[in-house]
Amino acid sequence: GEDVEQSLFLSVREGDSSVINCTYTDSSSTYLYWYKQEPGAGLQLLTYIFSNMDMKQDQRLTVLLNKKDKHLSLRIADTQTGDSAIYFCAETPGTYKYIFGTGTRLKVLA
Amino acid sequence: GAVVSQHPSRVICKSGTSVKIECRSLDFQATTMFWYRQFPKQSLMLMATSNEGSKATYEQGVEKDKFLINHASLTLSTLTVTSAHPEDSSFYICSARTSVGQGYQETQYFGPGTRLLVL
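Protein chains in written order, with our numbering: chain A, 1 to 110; chain B, 1001 to 1119.
Be a bit skeptical, because a hint or two may be false.
[Unchecked claim] Below, simulated DSBU-like cross-link-like pairs (lysine-lysine); rule was C-alpha separation at most 35 Å, straight line:
| no. | chain 1 | residue 1 | chain 2 | residue 2 |
| --- | --- | --- | --- | --- |
| 1 | B | Lys1041 | A | Lys36 |
| 2 | B | Lys1066 | A | Lys97 |
| 3 | B | Lys1041 | A | Lys68 |
| 4 | B | Lys1055 | A | Lys36 |
| 5 | A | Lys67 | A | Lys56 |
| 6 | B | Lys1064 | A | Lys97 |
| 7 | A | Lys67 | B | Lys1014 |
| 8 | A | Lys107 | B | Lys1041 |
| 9 | A | Lys67 | B | Lys1041 |
| 10 | A | Lys68 | A | Lys97 |
| 11 | B | Lys1014 | A | Lys56 |
| 12 | B | Lys1064 | A | Lys70 |
| 13 | A | Lys36 | A | Lys97 |
| 14 | B | Lys1020 | A | Lys36 |
| 15 | A | Lys67 | A | Lys97 |
| 16 | A | Lys68 | B | Lys1064 |
| 17 | A | Lys56 | A | Lys107 |
| 18 | A | Lys36 | B | Lys1014 |
| 19 | B | Lys1020 | A | Lys67 |
| 20 | B | Lys1041 | B | Lys1020 |
| 21 | B | Lys1064 | A | Lys56 |
| 22 | B | Lys1041 | A | Lys97 |
| 23 | B | Lys1020 | B | Lys1066 |
| 24 | B | Lys1041 | A | Lys70 |
| 25 | A | Lys36 | B | Lys1064 |
It should be emphasised that the hints constitute simulated quantities derived from the structure, not laboratory data.
All chains, full assembly: derive it from the sequences and hints.
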């Protein structure tokens, strides 16, 4: 089947904004999620958006959803070195099943 | 709230032995837990869905006799890798589904993962 696609790498300077993109596959997904994974650790829920929303803001995080194009993005304002990690988007094609994206490795340069 | 633990965090075993990994929801009850496998620099692949009091549901291509799942209580699911081989070496992550902390929206909360190395 099709993969949930993300760009593999993103490098930004500390203090700049980061934008991580995700193209998902299932238009019936009710919720779409963003998770953060630090080296050797599990996944930390960052935020999620309901499918009838276009945008959700949560402190430094802004999620944009374009259902027509099945495109999801995560913007991190004022990116810090502690934001360096792998970011996964996830769609929910079933009642509870998550399909994760390929992951974007964010590197923040001091 | 919504903390999930895994034990052990790291295990090294000899080929042919069995390894049990525990996943616990510490401050909530979870009728459904999930087991994922993650290879280096890759995404998470769902292996199976663990339902309390019933048989696990395995994803296509996952051998149920190889990866035994038991969900004996509302706070504990175990994954046993039977007769482990080097190709089973991987990062195994569990998650538990709950609406705690998210209003009515059920969300998956993940454990810290278990790194398995089979020699």
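Here's how the hints hold up against the structure:
no.: 1; hint: B:Lys1041 - A:Lys36; result: holds, 14 Å
no.: 2; hint: B:Lys1066 - A:Lys97; result: holds, 22 Å
no.: 3; hint: B:Lys1041 - A:Lys68; result: holds, 30 Å
no.: 4; hint: B:Lys1055 - A:Lys36; result: holds, 30 Å
no.: 5; hint: A:Lys67 - A:Lys56; result: holds, 14 Å
no.: 6; hint: B:Lys1064 - A:Lys97; result: holds, 18 Å
no.: 7; hint: A:Lys67 - B:Lys1014; result: violated, 49 Å
no.: 8; hint: A:Lys107 - B:Lys1041; result: holds, 15 Å
no.: 9; hint: A:Lys67 - B:Lys1041; result: holds, 28 Å
no.: 10; hint: A:Lys68 - A:Lys97; result: holds, 22 Å
no.: 11; hint: B:Lys1014 - A:Lys56; result: violated, 48 Å
no.: 12; hint: B:Lys1064 - A:Lys70; result: holds, 34 Å
no.: 13; hint: A:Lys36 - A:Lys97; result: holds, 18 Å
no.: 14; hint: B:Lys1020 - A:Lys36; result: holds, 26 Å
no.: 15; hint: A:Lys67 - A:Lys97; result: holds, 19 Å
no.: 16; hint: A:Lys68 - B:Lys1064; result: violated, 38 Å
no.: 17; hint: A:Lys56 - A:Lys107; result: holds, 24 Å
no.: 18; hint: A:Lys36 - B:Lys1014; result: holds, 32 Å
no.: 19; hint: B:Lys1020 - A:Lys67; result: violated, 42 Å
no.: 20; hint: B:Lys1041 - B:Lys1020; result: holds, 24 Å
no.: 21; hint: B:Lys1064 - A:Lys56; result: violated, 40 Å
no.: 22; hint: B:Lys1041 - A:Lys97; result: holds, 22 Å
no.: 23; hint: B:Lys1020 - B:Lys1066; result: holds, 12 Å
no.: 24; hint: B:Lys1041 - A:Lys70; result: holds, 24 Å
no.: 25; hint: A:Lys36 - B:Lys1064; result: holds, 29 Å
Checked against the numbered hints given earlier, the structure breaks hints 7, 11, 16, 19 and 21 and satisfies all the rest.
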